[in-house]
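Engineer: In order, the protein sequences belong to chains A and B. Per my numbering, the first sequence starts with residue 1, numbered consecutively. Per my numbering, the second sequence starts with residue 1, numbered consecutively.
For the record, the hints were derived by calculation from the structure and aren't laboratory data. Even glycine gets a Cβ: it sits at the ideal position worked out from N, Cα and C. Any given hint might turn out to be false.
Short, incomplete list of chain A residues facing chain B, as computed with Cβ under 10 Å [unchecked claim]: (1) H70; (2) A283; (3) A284; (4) D332; (5) L338.
Below, each chain spelled out in residue letters.
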Amino acid sequence: MQVPAALRAGEVRPVAIGGEDFVLWRGDDGRLRSVPRYCPHLDHDLAEGYVVDNELVCPGHAWAFDGDGHAYKRNEFGRIDPKGTVASLAIDETSAVADIDFDDRARFGTVPESMTAVYPPDHHLLRDLRFSFEHDDESRRSRAWMPVVAELCTDLGAARAGALAILVDVVGGGLAATAAAPGWIATADLTLHLVRAARPGSVVEARARVLRAGRTTVVIEVDLLDEHERDVGIATMSFAVLPRRDSNPEITIVRQSSSTMALTESRLTRPLLEELGVEVRDAARGEIDVPVGEWTLNSMGAMQGGVVATVAEVAAETALRVATGEQLVVSDLYVTYLGFGRTGPVRTAVDVLATGSGHGSARVELVDAGAENRQMTVVHAGATRDLE
Amino acid sequence: MSNPTNGPTNGIDVSGNGRDVGHYMGVTMREVEELHLEGRAAIARHLLGPDGAVRTGALLTMVDNIGGLNGGLAALPDGWVVSTNLAARITALARIGSLRLDSRLLRRGRNAVVTTVQIRDEGANDVLVASGVLTSAILVPENGPPPWTRPLELEPPPARADDLPAIPDWLGIREAGADTLEIDLADGLRNPWGILHGGVVASLVDLAGEHATGGGRTTDVVLHFLAPNRVGPVRAQVRVLGERSDGIVLRVEVRDIGADRTTAVAVATCAKSR
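Using the sequences provided together with the hints, build the complete structure.
Structural biologist: Written out as structure tokens, the structure is:
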């Protein structure tokens, strides 16, 4: 294979070699370098990476690659953490073209076992919901997009509040983590108010910004918009700022990045509630069970916060439909997180607070039934007729 | 009766600032068991809105009062609290009274306390009128938190409720645009930390929603306190997000104009006026 020498310093280009995907880039020193195309950390596409000096930096979490088979992580204070070795190609450049020795495996490195146990795994909701992200650290804003598919919708054909809560949780949590760095965060609460239905075939955009980044708390606001810039809803999240522990995921602040966790084959193949394994035990009481499985885990090994909101949504919707005899859908959620759901099943109980013509409200309590009914979450939910 | 000692305690003034708001609301409170408070309030005329029911702002202030006190007790012995999030759903109109308040501790963390509050109308078959959650940040006052005798019991305020002005007049509300209301930061509206009382901010949000929707009643509020209001005037500006079968959804931004900063953001639903 020949690579045009016209690849300029700072340029990045994907190539397929012997059935394997690589990217090439030219450093400031003029030398052509290579690395496998997908980051060994979280599979971000390094073809979307950027060159700093002579290194290629991943757009996802800023792992850096020197092209000689080494991966690093530099934090904002300059600390460098080696991240093992990766493959590289033997490249022999001439004045006109670059020749790559495909058979030179001597320089192919290995990916440490710890790096292959990546989060999220290949089959995970953060991949299957096909979110894409953009982050701009200078303005302390992040954006994310979620394609609305039928599997994410209620029986009335609009995206579930819970599905949108998952989107909010992911984009808001990511932004809060950068705002709290070098500290770590724990989600305290999430609120969501919907005003417009998001139908299958549309894309919902979540625009998150930091309202407050204090010593002990971070508050994020998220606008949800459709493709016509119309309000779909608004969400807020609060986070407690905690001291960093070694077990916390690493966050490196990058000025600008765009990414997705979706793999080529990632998609929902059945309705969200089916995928979650929702089992209704008593509809009138809003008692449902949901297992804690790998598909829904967050990076801390507990049920993801947006999924917790989804479970509460389903419980409230179920009980309010029985109480009112109307096909109500949940339009508001106020989720107060009290503890993790790690064991499962997560079990709900609903107290219907009020009902009226075309609306109702409920209080939902979630416990981890497998952990001696440990209290996980308290949720206030409001439901209305189908949104416009 | 157990009351805090008189005078400021270096950062917290539990006998001066904050008492005016407590007296205006007329809430009495007692600790029925550890970190479980009960309160009562008569439905006084000055708390009523145009529809003859207790204004949502007053109910939110009660949530902030009893939930905040419960959170403060949970933060002892070293800390006291300041409200950071207040959320409540109004589930029925409160017209008869007395109101019965119930606050329990949900969680006491290292930096924050979460309490839940329910308010019922005893004269209307104890119907639930509000259900809320208050999150408070734990702060450590320089000279320690206010001293309380436990179990806590707060005596009824002086019986002068009939003389009190209605909430808009008490706050000194003035219009600053079709979607904006404004108040001055009067001393009587401050909390024990010397900043605008969280319940007053909630009342301002409630009135701003009512103003922007032409008389709508606030049925649901999520309010994030982002920074203290210290200078004033304090302005609440409304943006309408959309309309649903249960009302109009609004975003309300509160700013301390004198300090040139956003101090609170709320999302509220206002039932349409009839």
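Engineer: Which of the numbered hints above does this structure break?
Structural biologist: Hints 1, 2, 3 are the ones this structure does not satisfy, whereas the remaining hints hold.
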